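Peer 1: Using the hints, position chain B against chain A.
These protein sequences, in sequence, are chains A and B. Okay, so the first sequence: first residue is 0 according to this note's numbering, each after it adds one. Okay, so the second sequence: first residue is 0 according to this note's numbering, each after it adds one.
A hint or two may mislead.
Identical copies look the same in the list; a pair holds intra-copy or inter-copy alike.
[Claimed, not checked] The list that follows gives simulated cross-link-like pairs (lysine to aspartate or glutamate, EDC-like), each with its CA atoms no further than 16 Å apart:
no.: 1; residue 1: Lys60; residue 2: Glu129
no.: 2; residue 1: Lys17; residue 2: Glu129
no.: 3; residue 1: Lys60; residue 2: Glu122
no.: 4; residue 1: Lys17; residue 2: Glu131
no.: 5; residue 1: Lys249; residue 2: Glu395
no.: 6; residue 1: Lys409; residue 2: Glu395
no.: 7; residue 1: Lys228; residue 2: Asp390
no.: 8; residue 1: Lys194; residue 2: Glu116
no.: 9; residue 1: Lys60; residue 2: Asp513
no.: 10; residue 1: Lys500; residue 2: Glu395
no.: 11; residue 1: Lys17; residue 2: Glu47
no.: 12; residue 1: Lys409; residue 2: Asp390
Simulated from the structure, these hints should not be mistaken for laboratory data. Computed from a predicted structure; not experimentally measured.
Residue-level listing of the chains:
2 protein chains.
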Amino acid sequence: MTENDQKNYERTVLFACKQFEVVRCRWTEGSTSPLHGHAWSQCHVLIEEGTFENRIETGFKVETSRLSVGQVISTPVAARHEIKCLSPTGSSVHVYVPKIDPVTAQGQFLGQALNSEVLQLQEGSTTFPELESLLSRIRATSVPAHSPFFMNQLFSGITPEALMADSFLAETKATAATSEAGPSFAQIESEVIEKLGALIGWESGSRDGITVPGGSAANFMAIHCARQKRFPEFKTRGNYGRPLRVFVSKAAHYSFKKACVALGLGSEAVVEIGVDEQDRMWVPELERAIQETIRRDEIPLLVAATAGTTVAGAFDPSDLLADVCERYGCWLHVDGAWGGPVLFSQKHRALLKGIERADSMTFDAHKLLGASLTSSFFLCRHMGLLYDANDVSGGEYLFHDSKSAPDRGKMSWQCGRKHDAFSFWLNWKSNGSRALGDFVDRKMELREKSVEWILAQPNLELLGEPHFLNLMVRVRSRDSLVLREELRKDNIAMVNYSKDKNGTFLRLILAHPDLELTHIQKILNAAQGVET
Amino acid sequence: MTENDQKNYERTVLFACKQFEVVRCRWTEGSTSPLHGHAWSQCHVLIEEGTFENRIETGFKVETSRLSVGQVISTPVAARHEIKCLSPTGSSVHVYVPKIDPVTAQGQFLGQALNSEVLQLQEGSTTFPELESLLSRIRATSVPAHSPFFMNQLFSGITPEALMADSFLAETKATAATSEAGPSFAQIESEVIEKLGALIGWESGSRDGITVPGGSAANFMAIHCARQKRFPEFKTRGNYGRPLRVFVSKAAHYSFKKACVALGLGSEAVVEIGVDEQDRMWVPELERAIQETIRRDEIPLLVAATAGTTVAGAFDPSDLLADVCERYGCWLHVDGAWGGPVLFSQKHRALLKGIERADSMTFDAHKLLGASLTSSFFLCRHMGLLYDANDVSGGEYLFHDSKSAPDRGKMSWQCGRKHDAFSFWLNWKSNGSRALGDFVDRKMELREKSVEWILAQPNLELLGEPHFLNLMVRVRSRDSLVLREELRKDNIAMVNYSKDKNGTFLRLILAHPDLELTHIQKILNAAQGVET
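So that you can see chain A by itself, here it is in the shape it has in the complex:
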């Protein structure tokens, strides 16, 4: 867009109130709106006269369309758009709904709970306008996960597709238990799982999987399936007998321990293996630990490689772990809750080298890929095993499936189940595999630029060599925990922190679709006390 294009257009408000605004715009050739979002408003534009070009941006993709008289474009909530008049003159009618107060939508990094009395449940009713006002107050005091400055979790930003998907699911309320309750939804779950299995490189006919409520549940399911495969008789009689052992790195997610507790294996079943200076599982120690286990007459059941650790973003060497697993007959699971999306990147998928040899994988689409909370997949290279591990009798009142439309609920621990695959499917469908890979590549490029800038700041110390989209940074002579709270209190950002032997450090997560170097600079300059 050149300066010449930035001509004015005339804007007349026809109706304006809190819940909607109707505006008419008169345009001349080349006049262009700025690229703008509408906070959480829907924006619909009807062309009354002339020809226009509309451009929608989401951080994952750019979409342009040409519009003539009678056509309407709707900007999906949470996307930005820009509209330009191509004809000598033009006229358009714009409807905005709803107009959330921009201050309310902003939220606060130091979120606060509303007064507990306000949140209390009572005997009598509350009117819808009162509820709306209550929701506004909750929003205004909540942490803005939609902001690029939100880096506390392994996700950031709200995608238009996730909003569309969640509304759609709420309106349809189809349970994922049976195929007949939502035939397209069931196919969609299968399609995502099939395509993810293909991306991993598993052979057609072997790849299987199920959505689970979060990455923790996927890790849980991995141990359960490994147990089923090795000791099918435990399904009826329980795991009474020799103790089973599960090997993870010291940097692995705590969910493996939770899983072993619930699975009746006990937290002692988890053997934590040391890591190298890059936070990757130390393979010789793994092999020694497995041998030690065997000597003690325990069963080395499963090795979990972490693909993207929560703190450092490290990738355990899947290929080397696969060698070890083959040697000792262990199940290889890859926890790709955070790092799994590198599957889409031609450039970076070497981080997952050997993944096709894994028996199973955890994949969270609600983290880097912007799906709804939660969109988690347990993927498995053994067709039918999930069914063997989880199907029991007694569901005849519900399951009436056929071979052509199997009931996926039989493979799950859940009965009524939300279609967690849907928001990821819509994201993937909208952007396409290539754009998801490009997205990973762009974030990795941003990391390179960020590292370069951080290394040039004398007051900043970068910890470790970044593997993925985690940056571990310390401001020299400052306590990172105090810094984190200051950043929240000043409403600048919400980053997380962790500690190593030298003390605490900040963890920045590069996940937001619109994140740029300037955001990183703003956060770390504030942390350094540099005025910008």
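Peer 2: Showing chain B alone in chain A's frame:
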């Protein structure tokens, strides 16, 4: 509304297109719109002149408000409203967004999957208008869970509050793992759990709980917590040792078996107890089975009373089971996934007599009470036990909680977790406890009327004495499975079926907020082949 009020009002369409419609209405005193819904459209009305009364109905509550110049009312999506002019003349502007084609919104009881090619994921992108059209096609071929004629699941209908809650959660994307990520949300989860515990009758300070992904997961958690309480040492070393046993009725949900498999106890751990002629657990048989277990040197760990079985809606006698549990030191769990809402009814809560003696309860708000899929609670009478059972080390990068704002994620198997309590909280807040109880009472009255009508139909056979909101009906000399498929194919209804020793029968579930006797009559008349 009398006939006199039914005066006309003048309606002028100002702008109309697929995505929005702006209409101006001119009114005279007493003129009234019909009570109408807007399918899935939002409807906003701005008063330009005059005074109006607006009435909103949801099936749970009725809300009226008075409006004067400059005020706006918004009818929540999925609610109905009626508007009446109180002044000599009036003028209003109405904005409808979006206008979903009513045919599309209707869906089909014999749902169909779209052609798999259309659902396939691809390399390139799909535009937003194409996605919208794809969603429309999915909706048009999906099962309409919003219809009163949808009785296939133990839920029916879409509440405005659930739609509001799901959009709000998608926009905020706050994880339930930690308090700092969503302080109000964390308080809301605690508030719902605290109030449910109080309704059960558990003492203040003892009641605890957590949201879980579905009723199956709550039953799972019950066995896990019972095991933790009795054998805390299993947490580290696993349940190696004497076999544990779990007692349920033959009519109980299959999830207990799934749970025992996953928990490492094996499906043999589930001992199924016979039922009386009313489908309630036969207490003398339970006691004999427990004694037999003890004789075999097995551990009778838990007895699960079902409050509302899936097929017959039977309530096991919680008070008698509590006696047995006390005698043998067993944990008493009540699976109230379906029948739990009678807690709100003064009239019917005797069905749950003895519930206050239970150690834990499963409560699903997404079934009868119209919350989103899923809104499930595991409720527990032992404060701190969930934490003891599930907290492990290794989450220091995430959990930074304080005593005043504890991180509820430590009590869960999930890490990133959707705020499943939210939609139920909004429903409860909107309607109030009294209205939820009234709702249960109204559905029970409808059951009485339905039973009376069915008994008067010579071709219909009512099976069993209804306990709750399940009606088991057989059309004499017709195969119920065939009938069910006919009702779906003719797009009349979707009911479920089951079988007893005499063959198959239809199961009707009375859960929809707007359900009336006429709906039941229409379904069963069609099934009987009676023209209406």
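Peer 1: Each of the hints needs a verdict: does it hold here or not?
Peer 2: These are the hints, each one checked on the structure:
Taking the closest pair of Cα atoms, Lys60 and Glu129 come within 16 Å of each other only across two copies (15 Å); inside a single copy the shortest separation is 38 Å, beyond that limit. When the C-alpha separation of Lys17 and Glu129 is checked against a cutoff of 16 Å, the pair qualifies only within one copy, where the shortest distance is 14 Å, while the shortest distance between copies is 31 Å. For the homomeric pair Lys60 and Glu122, the shortest alpha-carbon distance between copies (13 Å) is at most 16 Å, but the shortest distance inside one copy (48 Å) is not. Proximity of Lys17 and Glu131 under a CA criterion of 16 Å is satisfied intra-copy only: 12 Å inside one chain copy versus 27 Å between copies.
Taking the shortest alpha-carbon separations for Lys249 and Glu395, only the inter-copy value of 13 Å comes in at or below 16 Å, while the best intra-copy value is 44 Å. Taking the shortest alpha-carbon separations for Lys409 and Glu395, only the intra-copy value of 11 Å comes in at or below 16 Å, while the best inter-copy value is 35 Å. Taking the closest pair of Cα atoms, Lys228 and Asp390 come within 16 Å of each other only inside a single copy of the chain (14 Å); across copies the shortest separation is 28 Å, beyond that limit. For the identical chains of this complex, Lys194 and Glu116 are inter-copy neighbours only, at 13 Å across copies versus 48 Å inside a copy, given an alpha-carbon limit of 16 Å.
In this homomeric assembly, Lys60 and Asp513 come within 16 Å of each other (Cα to Cα) only inside a single copy, at 11 Å, whereas the closest approach across copies is 43 Å. Taking identical chains as interchangeable, the C-alpha atoms of Lys500 and Glu395 lie at most 16 Å apart only when they sit on different chains, with a minimum of 14 Å there against 56 Å within one chain. Taking the shortest alpha-carbon separations for Lys17 and Glu47, only the inter-copy value of 14 Å comes in at or below 16 Å, while the best intra-copy value is 25 Å. Taking the closest pair of Cα atoms, Lys409 and Asp390 come within 16 Å of each other only inside a single copy of the chain (5 Å); across copies the shortest separation is 29 Å, beyond that limit.
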